[in-house]
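Q: Sequence:
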Amino acid sequence: MMKKVLIGLLCGAAVLTAGILIGHYGIEKSSSSTASWVKDVAKDVDEKMVEEFLSEVDNSHIQENLRELTKVPHMATTAGDEQTVQLMLKRWQDPESGLDQAWREEYLVYLSFPDPNRPNKVTVVNASNHTLHTVREKEKAYTSDQNDPAVVQPYAAYSPAGHPQGKLVYANYGRVGDYKLLNQTLDLRGTIAITRYGGAGRAAKAINAAPYGVIGVLVYTDPWDINDGLTSDTNETYPHSWYMPPSGVERGSFNSHYGDLLTPYFAAKEDTYRIPVENITGIPPIPIQPIGFEDAYILICELDGAAAPQAWQGSFNCTYNLGGPGFRPTSAFINSDVKLDIFNYEEVKNSSNVMGVIRGSVEPDRYVIYGNHRDSWVHGAIDPSSGTSVMLELTRVLGKRVKQGKWRPRRSIIFGSWGAEEFGLIGSAEYTEQYFTKLSERTVAYINVDISVFANASLRASGMPSLQNVIFTAAKQVKAPEQDSMSVYDKWIQYSNRTSPVYGPIPWMGYLTGAGSDYAPFLHHLGITSVDLSYTYDRTKTNARIYPAYHTAYDTYDYASRFIDPGFYTHQAVARTAGSILVRLADSLVLPLNCSDYAESLEDYLDLALRLYEEELLAKNISMEPLKRAVASFRSAATHLDEVIGNSDLANETPLKVRMINDQLMLLDRAFLNPLAFPNKYGYRHVIWASSDTGVRTFPGLSDACSRAMSSGKPNAWAKVRYHVSVVSQAVEGAAHMLLDVV
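Under my numbering, the first residue of the sequence shown carries the number 14, and numbering increases by one thereafter.
Incorrect hints may have been included.
[Stated by the list, open to error] Below 27 Å or equal to it, Euclidean Cα-Cα: the simulated DSSO-like pairs (lysine-lysine) are: (1) Lys492 <-> Lys641; (2) Lys282 <-> Lys694; (3) Lys61 <-> Lys633; (4) Lys84 <-> Lys554; (5) Lys103 <-> Lys352; (6) Lys727 <-> Lys694; (7) Lys134 <-> Lys413; (8) Lys193 <-> Lys733; (9) Lys84 <-> Lys61; (10) Lys733 <-> Lys56; (11) Lys362 <-> Lys282; (12) Lys84 <-> Lys362; (13) Lys61 <-> Lys451; (14) Lys451 <-> Lys56; (15) Lys134 <-> Lys153; (16) Lys492 <-> Lys451; (17) Lys641 <-> Lys61; (18) Lys193 <-> Lys554; (19) Lys670 <-> Lys193.
Think of the hints as simulated: they come from the structure by calculation, not from any bench. Keep in mind it's a predicted model, so treat the numbers as computed, not measured.
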């Protein structure tokens, strides 16, 4: 009996001891696990990691990327484009330096091409239909690149086919006012207009012409607007410098809207509803064709009629006349017409985005998206391959760190290599339409680096004011190209600056008020905080409206490596700056978005609106007080949120509080969306940053409405002004409430 009792006691003691040990170590393990979980959730951007990452971004890798990307022309949906798709997939699926996942997204989109079997022609023909002059159909070859059979003939994408023939007139930039002035002295019916690039959108040059009876349009780049007046390829233009040679022609999409034209607001999938082709808007109603300035010189200098206004004169060593219409009596072209034979055709073709992702460790359902389009008009060394080469280097460095287990971002990073951007931002627009809800609810910010390097003078950044601080932080961290003592920030503020009432002198940051690149669908349609980055040239030293080889057959590796960025140090600086912004947005505990900087921009907008319009509006019994109150409310709310963030130890707060603040910051720009604000502007819903017809740096809807009302004086026009006061006032007030506490 005693033996049984002793055995029972020993067994009980053993069980008790085991229980204590299990409990002790189990609790310790659980405590350790909890501590690790808390540590992960509270992690912030690691400055040491950022420094290491920046040091690994290599200019020689970027150079080799560009060399590889520009081996063949890669216009959207061509064989060359498919080669770049495969290149992107190979890099992003690399087991040692690739991303967590990479795939292609396919869309069936409506594109426009010249007929290779029937090249477009522009000729001068006399009354007997004899050809007196034929415009060059392909650009002059200076290197083997221009002789590549895949180089597409210069053409105007989405120009209709046709064979208009008529007397020539000169219409400056083809703006509404240009045609209106021309029509005061000339009968434009049945004429062909020659216009120069700039001043108005590509499609607008033909859209503005058609109501006056113009039946065809030519467009060229004047040396005054691109070459600082230089015209000779003997010693002045490419291949001797960066300037456009005489035969250079800027290709482009002559389309006013972005996204696939047949599937507005829908992703262009196989079964998607498509509108009838005849219902497409925003494209030229009459044939239009781009030509080189060597041929434009021949045509313009032979024109009859009165001298064009001084503001219409360009760099040719002749007086730009308006046309008789037609040519001078002393010209060899007397009584001759200009004839356009345009054989463009449209086709629905498969276009691909290449997508890649690095999954976030803490908030995988929050996305920082980094994008650049992949397609080009020809070899596209600068546009867009300078940006693609930078993106490939960033993904190499970040992917390698992920594969080696050295780093994983807090939030997921999505990389997008967009297809068919040159035809109207198609790849990015279709992506945002397909994933509208998910992207709207989960995207923190979008970073766009299209042309990464226009030239090597200074950084250029445009974006939401809330991003100003993180952009400045990144720019201060990166050395300026080939400068030991100056940062990118130092060069930037030296080159372009403004005075802030809060910070004093700071670099000038632009606003994204148009649709120049793939940020447009993210910002204007989805309301996602966005930034567009590049390095640019010193505008005090050149009048070039863009880099001179833009959209020509001369935008090649040779051009980029000799004249844009020898050594690729500027590409490296852009990569480091964009990479620092990317990592900070992906890794920071609290999103590095500053609402008070947004308030400053709204106050600047308000001040200008009051100076320009308040007196006139008061005379029409339209009060600006609601807008004043709304902007004041936004300032108060922004200050309040700054205080909440500044007074909180968020690393030790409940994760839900951090998430709540981050959601307020992330969703701020969504509060400015109004789908009814701009019914006549496709894809624009953001009432602060929509494009403006006036170009005035204030609230776009209000500015445009005031301009129309002041010019027409009609009561319904003033009612539209009142409407836009309400639209913007309530949007700003609603955004202010986003920044306050939940109730």
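Q: Report the numbers of all earlier hints that the structure fails to satisfy, in ascending order.
A: 1, 3, 4, 5, 7, 9, 10, 13, 16, 17, 18 and 19
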